[in-house]
Structures are given as C-alpha cells and as structure tokens.
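Q: One-letter residues, chain by chain:
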Amino acid sequence: MRKFTLGVCMAALLTAGAANAQETVKMGYIDPLSGGGASVGEVGLKHYQWLADQINAQGGLMGKKLEIIPLDNKTNPQEAVVQAQKAIDAGARYITQGNGSSVAAALSDFVTKFNDRNPGKEVLYFNYAAVDDSLTNEKCSFWHFRWDANSSIKMTAITNYLKSQPNVKKVYLINQDYSFGQGVRKLAAEMLKAKRPDVQIVGDELHPLLKITDFAPYIAKIKASGADTVITGNWGQDIALLLKAAADAGLQANWFTYYAGGAGGPTAIKQTGLQHKVYDIVEGNPNTAIEAAQKQEEEFRAKFGVTLWYPRAVNEMRMFAKAVKEANSLDPKAVALKLEGMTADVFDGGQGTMRKDDHQFFQDMYIRSFGPLDPGAKFDEEKTGWGWKQQGKIAAADTNVPTTCKMERP
Amino acid sequence: MLQLITFSTLNGVLYGMLLFMMASGLTLIFSMMGVLNFAHASFYMIGAYFGFEISRRIGFWPGFIVAPLLVGVVGALIERYGLRRVHKFGHVAELLFTFGLAFVIEELVNMIWGKLPVDYRVPPSLDFVAFRLFDTTYPAYRMFMLATAIAMFAFLILVLKRTRVGLIIQASLTHPNMVAMLGHDVPTVFMAVFGVGAALAGLAGVIAGPALVTQPAMAALLGPILFVVIVVGGLGSLGGAFVASLLIGLVQTFAVAINGSLKDVMGPVATTIFGELGGVTLAQIAPLLPYLMLVLVLIFKPTGLFGNRES
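In the order they appear, the protein sequences are chains A and B. First residue of the first sequence: 0, per numbering that gives the first Met the number 0; consecutive thereafter. First residue of the second sequence: 0, per numbering that gives the first Met the number 0; consecutive thereafter.
For the record, the hints were derived by calculation from the structure and aren't laboratory data. Heads up, a few of these hints could be off.
As the list claims (entries may be wrong) - Only part of the chain A face toward chain B is listed, based on derived beta-carbon distances under 10 Å:
| id | residue |
| --- | --- |
| 1 | Ser-33 |
| 2 | Glu-204 |
| 3 | Pro-207 |
| 4 | Lys-220 |
All residues carry an ideal CB built from backbone N, CA and C; glycine is no exception.
So here's chain A without its partners, still in its complex pose:
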C-alpha cells in the first residue's frame, strides 16, 4: 500500500512537473557569454529578458509565459550547434542569435537539417544581428529570419553618404578575418569603385576575430598609409579596442563603422576627441526616435545601466508575438508562415516589412555621428556627455537590395 501511495505521489509530481514545463514557451538565446564577444552577448541577453518580461506582463504568448534560456556559444560555430541542441532538448522550439555570421550560418544550416529530419518538431531561428549577405542569399533558409539590415544595405548607405563627403580621399579598410569581415571588405571595394572612383583604397586589412588585445600595431600601419578615412565592420571588443588604440596614437581620421556604438566604443571615441567624425549605421537612434521608443529607452537604461542597442530585438520579439497571435498557434511553422511578408510598426517609428523571398527585414536606417549632445537631445552614451546625432535617414524602400535566394518551402 505504501509503495502504491508513493507511486501515485511520484506520478502526480511528474505530471505536475510536465504540466509546468509546458506552461512556458522556451526560447534559446545562443550568443557569446564569455570570451571576446561577451561584452555584447551579455547586453543582448538583457534585451531578451526584458522583452520577455514585457510579453509576459501582457499575458504571454497564448496565455503561456515566455522563458529565455541563456546559452553560451563562445562565438564558436560548433559550440553554437551544441548549445542549439541543448536548447531543443530543454524544450525550446525557438532560438535566437546575433553575434557572428559564421555562427549564424552554422545555426541556420543546423536548424534546416534538424527540421527536415524531425517533421512536426520544427525549430525556428531568429537572427537579430548576423548580417553577412549569404544568409539571405545562397544560404537562405525558410527557418531563418533576419531583423538586422544585411551587410550590403549598410554598405550601400555608407557609400551613398560618402558621395556627399568630398574630403574623403584615402580609405583604409580593416575587418575581422571571417565570412562577415571578408564580405564587408569586398562590398566596400566594389561600391567605392562604383560610387567614388576617385577614392583610393590605401589599405585592406584582415585581422583575427576577437583575439587581439592591442591594436597599436594596426593603428601605426593605418597612420603610415596616410588614410583620411577608415571603414570597418568590426564589432564587440574589436571595435572598442581599435578605437582605443586610435585614441592613444592620436589618429585623426573619419571612421565609418557598422558597430561603433558597442561596449567601450563611445568611451574611446570621446577620448580621441573625434567630434562627429565617427559614424555608424543603425536601425534606430534614441535621440530622434518616437516618444514611445524614448520612454522604453529610458526604462531600459534605468534598469540595466546600458543603452538599448538592439531596437531590432524589440522588432523581432514584437513581431514574434504578433505572428503567434495571428496564427493562433505556437507551432513554429505556422508562426513562420505568418512572419513571412508581415508588415509591422518599427520600434523607432515607421514601418518595416519582412520580405517573403529571403526573410530579410526592411526598415528605415539611420547614419549617425558621435559628438557632444545637441541642446534638447536626451541620451548620451557611457556617461561621456556625448551622444549620437542623426546625419542621414534612408527610407525602408530605398534599402531594397536584390536577393539570389531560392527558398525551399516545407
């Protein structure tokens, strides 16, 4: 009898456990939480936990709470695949990742193959920051959605802006030695040739990804080349340390970057005194955003002490919630079909569309420069007293770049 009671209790406990587990929707956050990429990966995690809290405060996804499972991929493709499997084993049917296009390619491939082998148990992959073109071109997948503008969109915007900058004559390219960095370098060379044939490329550097702690030798080389402008797609510590070394050596050049806003970047720029000479290209600018976004920005900064770097993460999660609602289902395939072609409000104002052909999101983009805050501007960065100022806005329609994607649909 005792044994029987015990058995019943155990069974009751187990079912209760299972029921509990089913009450949450799990999303694996697979990004670097250690090593050179950790400075951005940790902040990204804060975004997702905050966004999940918001969704849960509004009743969750179909009444279920959204839970973010943080998994450390150490910016390593193999490790990311192991972590994705871990997320799936823990019951996640959604994963999100952003740092490192090499990692993104591995994850997209893994998810696509996994879904082929496990019909009915599909997993959906949301990419919020890996921008290598190939992910929505030859390597595109039905199970991958990207919210960040891809590399060609960003480089098109930068080179278009350079058309209005006649003082730019000698350009130095420095990028991380992997798929994304090599892509940036190629795009920059091609587009500069087409749009500013008078510009001379005086240096074209590739350096190891997230391994360099002292960029002084590279800066000495840039200096010696006589470059007046540097173009780089560096991110994470690679941009912060590059700018820091430039500050130390007193390098006075224009910087056109993808990610100068990341951890440590603003502090280094302030130190160089390069007032409004460092640019980045992003999908949101807190100082010119709509009021609702500014309010959220304030809340985020007050809570975590860091800038809301990823308006695209907000777009991703809002559209995810919207797709779940429209599909009235938590099934990844149903959600994916709703996300395709979806038009939604964008965090910073305006609207964006998830292109059906390649699952690339198109939204307004902004070119910003970093310098002392204008009167009335609210947000500075890293307590420097300097902030981002909008220098140009590219409407979503003007960011349309063609795709070579031939998507296989399930």
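Start from chain A and add chain B according to the hints.
A: Structure of chain B alone, referenced to chain A:
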C-alpha cells in the same frame, strides 16, 4: 616608412617586455621545480583584477605596489598547500594540478567579477601624451609600462647575480639536485621562487590591465604565447626568455605591418603552387608566426636558442 618602423619597434619592444615579465617567472619556476606551470598566465590575470579592485578603492599607485605582493602571497600559498602535496606523486600530477588550477582561477574570476571586461583605467597622473613623433602620439602610460618592465628586469638580474639567494637560484637552474644535497632548505626556496614568479606575473597584470583589457579570457589569450617564449628561449634560461620575448614581440608587431604575400615574392607561380595560401599576406598570419617559430625551434634546436637542458 620610418614612422612605421619606429612605432612598430616601440610597440614590439613593449609587448616583448610584457611577455618577459611573465616568462621570467615561468622559466625560473620550471628550472627549479621542473613544473611547467600552466596556471602562470592566471597569476597575470589575478594581478590585473587585484590591481583593478584596489585602484577603484584607494587608487592606482597603492594597487601597483600591493596587488603584486598579494598575488605573490597567493602563489606562495598555492605552492605550500597545493603543489607541495602533489609533488610526491611526480611531475605528471603537478602538471595536471596547475592545468586544473588555471580553470579554477578563470571560473573564480568569472564568478567574482563577471564575464564582461572591467573598467580598469589608466591613472589620471599618467593619462597624457608622452611625446609626438611624425604626427603620431605615444601615450605616457606605455612609456611607464616599458620603464616598469625594464626596472623589473634590472632588479631580477641584480638579485640573481649579486645576492646569496640569487646564487642558490642560479645553482638550481643548472644543478637542482646538487643544491638540495648541499643542505639548502629547498622547499622554502621553491615556495619563494614560486611566490616571486607569481608576483612578477601579477605585476605584469597590474600594468597591462588598463592598457589591454582586463577580462576573464586574458589568461587564456596570453598563456600559449608564454610557452612559446620559454621553449624558444630555452627552458630554464633567463637570458633566453629575455631574447625570445623581445623576438616574439617584434616579429608579431612587424609582421602586422608587412603586406607582402608569397605571391608578391614569387609572382603568379605562388598561386599555382600554394593555391589560396599564396595570396595570404604576412599581416594576416602574424598571430600564427610565434607558433611557427616554436615548431621550427623544436625541430632544429630542441633545447631552445639558449637552453642546454633537455628537460
């Protein structure tokens, strides 16, 4: 060009001296105790974190003095209560002990200070431009790092060549067993050398922390290079470690500055022979060069440039 050479030399020498501050301790410990200390770079990291912790409380200069001493004490304690117990099980056990220790230290640092880089700043008293040459500025803090490294080198030479302690240590470098036979308190000497070695690495961490990045991965990034230094220099040779440190510092820095590839040297033939490799520039493979040196030295002179002991 002259500008590039000047600054590459400065940067290379500085990086080399920083390497030497760590390699000197490592090679001393190895030659005395026969232990290849895998956790040595971890002492460098602890030094940086101690320096950071003290500097944000009372200031950089107290940290500069106290942090290396603290790291030395930690090192001595680890030797006394960890390594010495393991010692009787032989070298493999010692090796595994230090190997594990490196992971433990990294995880502890992760737990205490988090995985993100900490905000360890150059002190305001050294935050100015030392000199301006060819329109490039050189920060005073880097000069300070260089000066510290040179002072430490002079101090080490003085102790080793001019004091009784140095005599014993020098004797142990070449004849460790004989020294023990002569009745010196070898365990205490071991502990002291281990402590001093750790303190030197700690000092390197304290001064490198603000210039490079103080983060949990800093030990893992530098550790492998240290082994290259002491193997290339010759295990147990202090002079060798010095030369190898500078050599590696300069090679790595200058390689970054050179754009040449096999294709430039040999012409288009390179692409047909080496394929893609032919077009890779020296700058791109700069981080690989020290390891290439390691392999070459092991093939052609297994004792290292200045070493004479086989093990």
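Q: Taking the hints in turn, state whether each one holds.
A: Against the structure, the hints come out as follows:
Against a cut-off of 10 Å between C-beta atoms, the interface hint on Ser-33/A holds, since the closest Cβ of chain B lies about 5 Å away. Interface restraint check for Glu-204/A: the shortest CB-CB distance to chain B comes to about 6 Å, inside 10 Å, so the restraint holds. Given the 10 Å rule on beta carbons, the hint for Pro-207/A holds: about 5 Å separates it from the nearest Cβ of chain B. Proximity of Lys-220/A to chain B holds as hinted, the smallest CB-CB distance being about 5 Å (cut-off 10 Å).
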